[in-house]
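From first to last, the protein sequence lines are chains A and B.
Just so you know, the first sequence maps onto residues 7 to 210 in the working numbering.
Just so you know, the second sequence maps onto residues 15 to 597 in the working numbering.
If you are wondering where the hints come from, they were derived from the structure by calculation, not from laboratory data.
All clues stand as given, with none of them false.
On the chain B side, residues computed to face chain A include the following (Cβ under 8 Å):
| id | residue |
| --- | --- |
| 1 | Glu183 |
| 2 | Asp264 |
| 3 | Leu367 |
| 4 | Pro425 |
Beta carbons are placed, not taken as given, at the ideal position from N, Cα and C, and that holds for glycine.
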Amino acid sequence: MVDTVTITTLDVEETELRLGLPGAGDKKRGFEETVDLKLNLSSKDAPSDQAHFQGENVTDDANTSSAKPPAKAQVVGWPPVRSFRKNVIARSAAEESAFVKVSMDGAPYLRKVDLKMYKTYQELSDAFGKMFSSFTIGKCDTQGMLDFMNESKLMDLLNSSDYVPTYEDKDGDWMLVGDVPWEMFVGSCKRLRIMKGTEAKGLG
Amino acid sequence: MCLFQSVMNYFPEEVLEHVFDFLTSHRDRNAVSLVCKSWYSVEKFSRKKVFIGNCYAVNPERLIARFPRLRSLILKGKPHFADFNLVPHDWGGHVYPWIEAMAKSRINLEELRLKRMVVSDESLKLLAKSFPNFKSLVLVSCEGFTTNGLAAIASNCKFLRELDLQENEVDDRKGHWLSCFPESCTSLVSLNFACLKGEVNAAALERLVARCRNLRSLRLNHALPLEVLQKILVQAPQLNDLGTGSFTHDPNSETFIKLKNAVKNCHSIRSLSGFLDVNGRCLPAVYPICANLTALNLSYAPGIFSNELTKLIRHCKKIERLWILDTIGDKGLGVVANTCKELQELRVFPSDLYGVGNAAVTEEGLVAISAGCPKLNSILYFCQQMTNAALITVAKNCPNFIRFRLCTLNPIVPDAATNQPLDEGFGAIVQSCKGLTRLSVSGQLTDQVFLYIGMYAEQLEMLSIAFAGDSDKGMLYVLNGCKKLKKLEIRDSPFGNMALLSDMGKYETMRSLWMSSCQVTLGACKTLAEKMPRLNVEIISENEGGAGEVEARLDDRDRVEKMYLYRTLVGPRTDAPDFVRTL
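So that you can see chain B by itself, here it is in the shape it has in the complex:
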């Protein structure tokens, strides 16, 4: 060790820095900074990309002090269940303080990627003004901004390469944000505004596309009709990734024929999505590019019938990532299984959210996929029903799952054939898939499934539980067994104080724990908060009355409706709203 040390110290810092440049994973760089003081220092000043999985685990000042030369930041805000309306609207996760602090410290920010954060127009305006080399903005499942904020980005970021908006709630002021890209802007590589509801100036878009010769990825919103898509494809046949806007037109029209020809010319498209408003009879226009597609997202198009879907999929032999709706049906999944031998990730979303009565998929489709697609390693499957036998078969067929998320439309439905809980099925999955890092369970489940998870899911980092288990034992199995657990989210399950308090130190090894509609009481949460000062234990109230009102009503023996706890270096947050109380 001494010899090694002295040998390494012989190298000037530039060399160390150059070596560290090859380390791309955050974990590797974190590990490297722990080796010795000089490595820490070199790594600190050469770190360009920082990932913060929970924005309240640190604060902007500490970030800047720790990595003063950072150029790229990834921040995540609200807990995952916020995506499903379980977190009240103003809970937090504001990005403004981060942007403000980095602007003040003259950080040379080039990239910002945010997930589940509140992004105000002020933040976007400040961002646009403060970082002259800013290149890439990616917002996923965020809210709080309008198209005015986007206009600021478009107007001021001279070297913008990427503006990627994924599934955000944007207040569309129907302004001319797209027209704000100056004529001098030619640097765009990626532009995704599929989640915007309003119209954009088609002519401005066409001119923008024409002058950005490096544009590789373009995803339109549903307000743009097929005519515009056709003109854009003529201007940008070099695209790799295309999100169509509206895809509905009279297939006999001249516009449609022109579109077909334009599509034929796009030899580089590998990823296709959109179809936000689609007529199935228009789909054949994309057949010519299907053979080379590696990613296909048809999950926003409930209007496409199963037979139209399968006709399309038969052309897509190289697909690696497929997102579809359950309108495809089990038979359609059979076609996928026979055709898509390169498939790695499959997501089947529910189409019937409003009780219209559409058919869904069952265990049969899942089994067919597992049998036909040897490279499958990631699945999200919303289904009508499931059986243990099917899950056991899937586990045997696909031992390589890293992500396995099953969601039965009825959260507590038992095995459709035997009426038993689905414990054995999920047990088989965790036993077989030794590399599993993410798991979501559903259906009727007892403590037994958690015994299996604790025993076998050694690599598990994230677990989602809903309406499952019988007692504290279930949660205990998981906390004791899953050594690599980082995020645990539980709703509507009978886990209580005993489980919560059994291993308090565990929570410092995890990013966060969410428990809602469980059996934990206020008293237990207080105990936990007292014993573990480096955790923030937040109690989130249903009624948005003042904290005083909440305190007066709740007694230590009362159950807590929503609790969110997370490790943090910076104590209770200062921006918590009234209905959030950090114990």
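Only chain A is shown next, with the shape it has when bound in the complex:
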């Protein structure tokens, strides 16, 4: 008889098996250490101290305790997927799209950009230029934007009424765009604000 408490009512997460992250491949976890499974063992000479399986009949036993799925277990080599593929997925998981809000002082509305679309500050700067070209007050054309990324010109511009790109990082601090390597910036940027130069004097 089939017990009415079926596996499908269980939380999907409980039935999910996970692998360790790449790099943890040397950790060879024995099957019995990680998975609480009970499989039928009919062989009489199963060595007791090395048994991988606990001998309980699961096939027609209605007791749900015997059908308890492995919770967040880690089984070596399961699901069977090559390392290359696992690494690609891992890399992508770390690289999901990073949409952040971009506000520009004086513009009537905000925009959103996916920082993953760009590989350098230059590209981002070009994008800003296009995005906000219709809103520019003062010298905020593409060339002007280029100058913002150039530290030596930045001080000149800060004293003018031109604009300075800033961002809010993970800690909630407002930072000047351009100081850290691009990847680090993408990882820590929560939102962008293109400030009026006069307001940005305190930064950097």
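Based on the hints, put chain B in the right spot on chain A.
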């Protein structure tokens, strides 16, 4: 027979050779060489292509003696489960001795295809230097080399047509291997370096592409940005097979618009892959070429959402081979079923390997595909759950499967609707698909499924079993029933000595048997090794201590963690590491 013999002997050897040229299958040529001595001799000297499914079944010297005029060699090394980290790192499968022997004997090697082998830079350098007519190198799931080895190939192989690297572990020294193709190299037809992690010199690549007018297949790695792809497509609109590198850019940018135009011009592309780093909004750039695609691989792109995937797939009416991730979802598979009426092979890979919680596919998607795609004959399906009812329906819809591989993310999950084992479902598959040659089972399974497999899977050559069965009977059903079985791999299943030893002669008809985390003991393995001298029975230890240490600890009654046995003509191998003991 006598009359036939004398008639055939009337023909000079050249004629026989010419006739044999039409035999392309290895099995046919093997059969022909058994007919009589003169046929053996003609076949021997005219054999150009040799396939060796297990590199330890023979050795280089015997190969060269048997087929002295060979030009093309396919070699496979490690057992299949090595792909999933079940085989320790230095187990073996080195290609160097083969290359060394062929170089010494001045074999006119032109093609080498390796799978799961260890390929050192020394091997590649020796290969590059020794075979002046070398044309094609294909490495699949190999390891042990760096980009320095590739540089040697690029520099020295003057007539290289094909360099195809598929899913290898390459130590990328970020060298300039691609720049090593000399300006005089114009012979490339196929270049695939998608698995390399490092940067390549984009300018060198563009020049290479420009001068190789016969280039038909090009697969880039993720380090190459869209700008480079665009320039390459402008140079090589004749491509049949394209693997994009990175495919992410601002869709409003000029580069992207140029790319769209370049793609439109590529009328010959039939196979598309890559998208190693992709933004879904860039996908529309490839819509113009989708109508003619026969092969599409989007399985490296977890960032594409299901709706973007399905929008793309709706354009691909002629697809025959589709590899995707389970991010497509059951609904997306429904779209595939409605659109891709020519589909023959489908592979749905898992996207959630790290417990992020992405939705996967279920039995519904599989049923939809089976109902919608009448030509389907090969499937690899990673799914959250499965039911017997679904499998029975699939079996009815698709009696033409030659390859059926099902992998439930939880290896012992029962029927999602009835909580029963999945025996009946797989039973239906083997009963219906009379031409099935490869099967992987998963989910909760008892001995019953193996009874069905033994009874019905008459053409089965390869069977993969994990976490299944109740007793030795299961394995026995398979060994007794599947007459054409060549490769059997079993993990974490309660099969033991009785099954292992019941029909020892069977293993000489097979290529190999792998058993890990099962119930076989050292004593039984020793018995088998003793009775069957033409098998190598390898015990592979977990701990990489010396063999002496392993022997001292293990007693005949102890279970063996990993056993790999295979037929061989050349006895125990001489390159086994410490933790491998051939009994």
